[in-house]
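If you count the sequence shown from 1, position 37 lands on 41 in the working numbering, and the numbers rise without skipping.
Just so you know, the hints here were simulated from the structure itself, not pulled from any lab data. Accuracy of the hints is not assured; some may be wrong.
To be verified - Derived DSSO-like pairs: lysine-lysine, alpha-carbon spacing no greater than 30 angstroms straight-line:
{"hint": "1", "residue 1": "Lys128", "residue 2": "Lys139"}
{"hint": "2", "residue 1": "Lys135", "residue 2": "Lys171"}
{"hint": "3", "residue 1": "Lys135", "residue 2": "Lys225"}
{"hint": "4", "residue 1": "Lys225", "residue 2": "Lys65"}
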Amino acid sequence: MKAIRKSVVAATGMALALSLAACGGGSGGADGGKPAGSGGGKSDNGADKALKAADPAATLKAAAAKGAKQNTFRTKGTRKDQDGEYVSEGAFQVKPDASEMKDVGPKTAETPDGVSHMITINDKMYFNGEKVPGKKWWTFSIEGADKSKDPSSELFVRLTSALATSKDVKNTGVETVGGRRAARFQGTVVASELAAYKGDAMQEKDRDFTVKQWKQEGVEKAVLTVWVDKDGVVAKTEESGKGSKGEYRRTDEYRDWGADLGIKPPPAAETATEKEVLEAEMKKQQK
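Using the sequences and the accompanying hints, generate a full structural model.
Laid out in structure tokens, this is it:
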């Protein structure tokens, strides 16, 4: 049981890092039936001029609010910390609850091939890995995982909101991100200042979660960069800083807002049930 719990918690940790919890509301794109963030990547003098002139705080605040209403989206990103370098991909759906996350990084005892792959459908989690001979996946109810650190809203919403509270946030120009032209906003957010923030750019629950997480990781301040496209949608986020275990950097791009992501559970024939996993683990411990 202890080994199973360790595997579940490890996989859940990956889910949190990829922003498993959805902040809810809305469906489809940000504007009518048009997918959010569908703007082209070619330079347009009129659009670029507007992006260059965009007010940092107001634009970021609006982008966070718009992002919080999205029902589906995909992510692709990288991160580097004391544990190594990782490449991640994710697909997230708020209602009905569903997500799929894949993390590729260093090989460990929990991930011998360096790959962590997890699918969540409502109250079920599915993990890649042969806990039972002949089964490529194993499942566990979400109640069996440690959800105490489950964030209340998406990572990109928290980072965008936090940057909007920064005293030195600046619009640093326009770049092409994922085929879309986007304004680049950057600033430093100090944990102690964020903890004391009382404005309306960031929800209290998101502020408290972010401050708590930084405190646990020994992060006193972080450099945040957020790219917002001409549709007012977050195209990319980046967080970098130094914690108690060293320097870190995480970058994520976002796309397919409002799209049908087609998230499905693994084939039942290839998935070990909770009962089968428990029985297999008990046999191992008896040897």
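- Message: Does Lys171 sit within 30 angstroms of Lys135, going by the straight-line distance between their CA atoms?
- Response: violated (50 angstroms)
- Given the hinted pair Lys135 and Lys225, is their alpha-carbon gap at most 30 angstroms? violated (41 angstroms)
- Item | Hinted pair Lys128 and Lys139, Cα distance within 30 angstroms | Roughly 17 angstroms between the alpha carbons, so the hint for Lys128 and Lys139 holds.
- Message: Can you confirm whether the C-alpha distance between Lys225 and Lys65 stays at or below 30 angstroms?
- Response: Judged against 30 angstroms, a Cα distance of about 20 angstroms means the pair holds.
Hints 2, 3 from the list above are not met by this structure, while the remaining hints are.
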